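Starting from the given sequences, assemble the full structure and let the hints guide the process.
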Amino acid sequence: MTIRSIWAASPIALLLFSVLPRASAQTTAADSLDQIKIDPWNSVPLHGSAYTGLKPGPAPRHDLSGAWDATGDAGPNGPPAGIQPTGAYEHRSVLPGNNNPPGGEPDERHIPNPLPYTPLGEATMEAHKPTGLGVRSVPAVEGNDPVDICDPPGFPRMDLSEFRNLEIVQTDDQVLVLNQFFRTWRTIWTDGRELPKDPEPRFYGYSVGKWVDDYTFVVQTVGMADRTWLDNQGRPHSNALKVEERYHRVDQDHLELTVTIDDPTMYTKPWLALNKFPLRRQPKGFDIREMYCSPSDYLDYNSNIGNPIDAPAAK
Amino acid sequence: MRTTLASISLLVLGLLAASSPAFAHHGNASYDTSKSVTITGTVTEYHWANPHVWVKVDSKDANGNIVHWVIETQNIVTEVNAGWTQSTFKAGDQVEISATPAKNGAPFGRFNGRIVINGQVFKA
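Residue numbers (our numbering), protein chains in the order written: chain A, 1 to 315; chain Z, 1 to 124.
To be clear, the hints were calculated from the coordinates, so they are not data collected in a lab. Please read these numbers as outputs of a predicted model, since none were measured by experiment. It cannot be assumed that every hint is accurate.
Counterexamples of contact, computed for chain A against chain Z with all Cβ distances above 10 angstroms [unchecked claim]:
1. Tyr-51
2. Pro-58
3. Pro-102
4. Pro-270
Mimicking DSS-like on lysine-lysine, the simulated pairs with C-alpha atoms at most 30 angstroms apart in a straight line are [what the hints assert, rightly or not]:
5. Lys-242/A / Lys-269/A
6. Lys-242/A / Lys-197/A
7. Lys-269/A / Lys-129/A
8. Lys-210/A / Lys-197/A
9. Lys-123/Z / Lys-284/A
10. Lys-90/Z / Lys-129/A
11. Lys-37/A / Lys-276/A
12. Lys-56/Z / Lys-123/Z
13. Lys-242/A / Lys-129/A
14. Lys-90/Z / Lys-35/Z
15. Lys-123/Z / Lys-37/A
16. Lys-129/A / Lys-35/Z
Here a beta-carbon is modelled for each residue, glycine too, at the ideal position from N, C-alpha and C.
The following block contains the structure:
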C-alpha cells in the first residue's frame, strides 16, 4: 500500500490532508522509510542502524506486499541471521559458544538444541554430507549437497538457508514470493482451494494461504520432493512433510515469520525452524540483485579453487 | 531398451561422480582456521562471480620464487553488502591480504581481515 493510499483510506487523514500543506503531510505520513535514498538498481538492503529513529506506520490490513530483507539481525558475533549458514535458526548446527565450528563431527548431538530425529531421520541426516558451515561440515570433495551442483534448494530450504531478499506480490487469488537466492519463486493460492490429497512431489510443493486475522497470513505447504534438504546442514524430510508458515505483519516496516516443520517420518514431533523471525521492509523502488547458481561459473570456480583446495596434501 | 538406457545413465553418472568432485562451496572443513597468513604481491586476476568472489595474486616466497595464490571470499551479494564492488581489485594492484590458508598446504586462502590495496587500507 502506498503512503498516498493509506492517507486516502482514512477520513481523518483526508481532513488533515485538506488543511495541512502537502510537505507536512508527507513528513508525518505513514512511513519515513520510503524517504531513504537507495540505489535504484541492484539495491543494497538497509540494515539495523538505518531503522533507528524511524516511526513505522501501522500494519496495513491483509497486506504483505513489498520488498523484504531477512538478513538484518546478526548476533554480536554471528553471521547475518537470514542467511543461516549453520542451519535452521532455532536449531543452528553450532557448538555451545562457537558459531564458527570446524566441522567433521559425525552427528549433531553436541549442538545446543538438537532436533527430535526418528531413527530414519537420524540415519538420513547422517547420509547427507553438508559442505557449508556447521558441526558436520565436510570438505567439498566429500559432500553431497544437491545445491552444490545447482539443484533447486526447494521449499522450505528457501526460508531456512540463504534467506536474503524477497519480494512479495499479492493478486486477487495468489500471494507470490519472489526470492533472491537462485531467483526462485512460489505461488501461495488464496482462492480457497484445498491442498492436493496425493500430490506429485515437486521442489517447491503446493501452498495455500489464508488470513487468520487482519495482520497474520498462514500458509500450509505439502508435496515437497524428499530429494531436497531442509537446510544447508542436510536436515532431511520425507514426501510426507507438512510446513506451516505464519507471516505476521507487525507494522508497516516489520514482518515476522514463524515456520513449523511437521514430518513424522523423520521427526518424532513437530519443531519450530523459525520463531518470529524478523524481516525488514525495504524502501519502495528496491531492486533485487540477482543471485544465481550458474553452472559455468561453478565449473570455473571448481577448476581454480574447489578441486585443488581439496586435493591431497603434497608430500 | 529402457534397462540399457538406465544402465548407461548410471554409468555416465558414475563416471561424472568419479571424475568431478562435488561443486565446491567451502565451509571450514577445507581451511585451517587456527592459522592466518599474509599474502603480499601483485593481483593478476579478479573474478566477480558465482559462487564466490576470488582473486589471484602472484607473491614471492622466501627463496624469491613466484607463488600463484588464489584467495576467495563470499558470494557477490554478501560482498556488495560489505562494500565490495566489481572494481575493488584490478590486475596490477599491489596488495597485502590476510587469509586463512588451506589445510592441504596449497597456495589457497580465504580472506579473513586486513586488506591493503596500493598502499591504502581497504575499508568496506
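Structure-based check of each hint:
no.: 1; hint: Tyr-51; verdict: 16 angstroms, holds
no.: 2; hint: Pro-58; verdict: 29 angstroms, holds
no.: 3; hint: Pro-102; verdict: 5 angstroms, violated
no.: 4; hint: Pro-270; verdict: 28 angstroms, holds
no.: 5; hint: Lys-242/A / Lys-269/A; verdict: 12 angstroms, holds
no.: 6; hint: Lys-242/A / Lys-197/A; verdict: 12 angstroms, holds
no.: 7; hint: Lys-269/A / Lys-129/A; verdict: 24 angstroms, holds
no.: 8; hint: Lys-210/A / Lys-197/A; verdict: 19 angstroms, holds
no.: 9; hint: Lys-123/Z / Lys-284/A; verdict: 29 angstroms, holds
no.: 10; hint: Lys-90/Z / Lys-129/A; verdict: 36 angstroms, violated
no.: 11; hint: Lys-37/A / Lys-276/A; verdict: 28 angstroms, holds
no.: 12; hint: Lys-56/Z / Lys-123/Z; verdict: 20 angstroms, holds
no.: 13; hint: Lys-242/A / Lys-129/A; verdict: 24 angstroms, holds
no.: 14; hint: Lys-90/Z / Lys-35/Z; verdict: 27 angstroms, holds
no.: 15; hint: Lys-123/Z / Lys-37/A; verdict: 22 angstroms, holds
no.: 16; hint: Lys-129/A / Lys-35/Z; verdict: 25 angstroms, holds
Hint compliance for this structure: hints 3 and 10 are broken, all remaining hints hold.
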